[in-house]
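*Asks:* Protein sequence lines, in the order shown, are assigned to chains A and B.
Counting in the numbering used here, the final residue of the first sequence is number 159, and the numbers go up one at a time with none missing.
Counting in the numbering used here, the final residue of the second sequence is number 1599, and the numbers go up one at a time with none missing.
By construction, these hints were calculated from the structure, which means they are not laboratory data.
Only a predicted model underlies this, so the values are computations on that prediction, with no experimental measurement involved.
Honestly, I wouldn't trust all of these hints.
Stated by the list, open to error - Computed cross-link-like contacts, DMTMM-like style, restricted to lysine to aspartate or glutamate with a CA-CA straight-line distance of at most 25 angstroms: (1) B:Lys1195 to A:Asp53; (2) B:Lys1292 to A:Asp65; (3) B:Lys1229 to A:Glu67; (4) B:Lys1229 to A:Asp53; (5) B:Lys1213 to B:Glu1466; (6) B:Lys1141 to A:Asp2; (7) B:Lys1213 to A:Glu83; (8) B:Lys1141 to A:Asp65; (9) B:Lys1195 to A:Glu111; (10) B:Lys1213 to A:Glu67; (11) B:Lys1229 to A:Asp65.
As the list claims (entries may be wrong) - Non-contacting residues of chain A with respect to chain B, defined by C-beta distances greater than 12 angstroms in every case (computed): (12) Arg17; (13) Lys18; (14) Gln55; (15) Ala63; (16) Tyr103.
What the hints assert, rightly or not - Covered stretches of chain A (in silico footprint by chain B; criterion: 3 or more residues with CB under 8 angstroms from a CB of chain B, positions within the stretch not fixed): (17) 5-16; (18) 65-71; (19) 75-87.
Glycine residues also receive a C-beta, built at the ideal position from the N, C-alpha and C atoms.
Listed below are the residues making up each chain.
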Amino acid sequence: MDQLEHITRAYSQAPWRKQWQIIGLVSLILVLIAMIAGVYLSISAQATAVGRDIQSMQATTIAVDRENEDLQSHLALILSSSEMEERARSLGFVPVPPEQIVYLNVPGYEERQSIILAPSNERSVVGARYMPPEFTESIFEWLFVHARLWYSSMIEVQP
Amino acid sequence: MSRAATLKDQERTWRYSFVGVMLAVLPFFIFLQVVRIQIDPKLLENVRAKIEISQHAQHMIVPARGQLYDRRGNLLAGNRTVYEVGVELRDVVNAQTIAQTVSAILGVDYQDALARASLTSSENAVYSVLVDNVPQEEIDKLAVVKEQMDALYAKTKGENVPSLIGLVYYPHLGRIYPESSLASNILGFVSRERKGYFGIEERFDGLLSGTSKTILVPLDPNRAEDLPKVPDGASLVLTIDREIQRAMEEIIDRAVAGSGSDSGTLVVVDPRTGEVLALATTPRMDLNEFWKYSQVFPKDTPFNRAVSQAYEPGSVFKVLTMATGLDVGAVTPDTVFVDTGAIEIGGTVIYNWNQGAWGPQDMTGCLQHSLNVCLAWINTQTGANNFYRYMQSFGIGHVTGIDLAGEASGRLKMPGDNDWYAADLGTNAFGQGVAATPIQMAVAISAVANKGVMMAPQIVNSVISEGYQHQIERRVIGVPLKPETAKTLTHMLARSLEVESSDALVTGYRVAGKTGTAEVPTPFGYTSNATNASFVGWGPVDSPRFLVYVWLEKPTTSPWGSVVAAPVFREAVESLVVLLNLPPDDVRRQLNSSIDGQN
């Protein structure tokens, strides 16, 4: 019994060692928590900054859209019929009398059509028959075609 | 154990017990609340709504209103930045200063602004609008005053210190009409509430304005999301030509002033397609000042007489009567009618415009001298059934379906109607007792100019929506006449103008046309001296490119269409042929023959 107690006491750790182990473990946990918190905060801060940027860009998009509308309207004001007439008159232009108009026969001229401001909703498909073979043939096909051409040219030159 | 230790243990026990009880009771209450929320869906919805509101800001996305273009791509209606000026009630320091400032700079009523700025802030009242649609220039002035006031009184303490704190302004898009009053009767306008009134703006309000969407924007930047894409309103390309419209407006304005008329209307249509190239009426208003509407259009004044005001057209209607007579074979151009100066139909005696007897006349002569008696006689030969069947196929008494708000249908009394009498067959022949709008008349008569085919009047050429341009298809709305009838009548009308040396004749271009002078009916009959003077004409006769309809309401210088309306037609055509690049007939024939020679 004494022997067992002796062995136990011999191999048990000193109290100060146990305390250091606990302190070390707790410190390690704290450091880990701090690291995780730090990473989380960093990512969260970045996400917040990006979120703010997105909101700011959305506001900018709306403002730019408005500015675009403003510019179109401003251009229309500058090009309005009354403004244009005033400018033309100030430059010395006058309405042409009908008897001074000279009509010419211009081959291919077509009557002026209504304005096209956007593509038609009829979808256009690129016709495959207009696609040159360079875009579709493989190198072996190319070699085969050219070899055949070379061979036929050789035959033709023979008397 | 000492007494002190026992006391300490008891205190500790009490604390532990308290904490234990609390830990047991709180979950119980939480459980109770969970059960209550589960069994009461309204409570659940309220809780959810409160959470949503506390975490989000409500934001309404209003798409840009679609633009309006003329056929050449000139912008007729667009958008610009305007501001809504209001007060954040919680922040207001001095309501009087705010009211005085907005009253002085923006012209808002002082008492109204003061009442709005003085509202007490509460959960239900946080913001009050003072004025909307304020242009950038005025906001710039307001900003300068606000800045100066902040600099002057920022550090001043005490009551009644002048302050504009709480005054805010938010930008949004508002309507602008770069051409001011040009084509105003066609376009209509958009009110402060962003609702379209009259014309295109009203007719296509839903299409132009698009669909607004209210969204919840998270206040937490971590939850920032993409704003949903709300497509802008569709834009429209009109068939109107800005330059032609402007020229026609100038011409009709001069005509109204020169003839002392109450109003004037001038319609230009391409008879081949039904496209309306110009539609000029009086009065017109600057659409950028739409709040002056009631001043410009007092009482029941129509916004667009061409489509909204039906009137008795008078002798221009004879074109349709003659067309019917020729088409059913009741008469031919060579049919001779001996005009005795009067004819009795249904118990009513009909006389000519000058009460005179014109003797033997062929059908061209009847049109040339605009003989009521002759045309009434033609109707007796045509028969009521045929006549009214043709009038219906010409669209008289029905809306044309033009893409403008407020179109009137006019009135065509038919046999069987309570107020139809046999005499109406005679009076209707020369445009009396029948009401039609100028656009109805123009569309109906365009069948004569277009080989008997009547095209639907078109004012919207194409729609631009979500990046694509959709062309509006042209529609045939009827074929009331045979092509040969249309051709014959066109030559008869051209000849009648040439024989009488009409003021409507245009040098270099052969045109066909007919004058019209109609007495204005009163509740007591045709008792006033006032008339409606009209003219309808088209050309070039061999290949019509335009049809022009002129109406002057109650001219005072002369009551006759041949005197006041015919010269307006000539002036309009002289301008049109230049703007449409139409060479004189002989030059055109030479050019065509040279092209044929080359081919």
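*Asks:* For this structure, which hints from the list above don't hold up?
*Replies:* When the structure is compared with the hints, numbers 1, 2, 6, 7, 9, 14, 15, 16 and 17 turn out to be violated.
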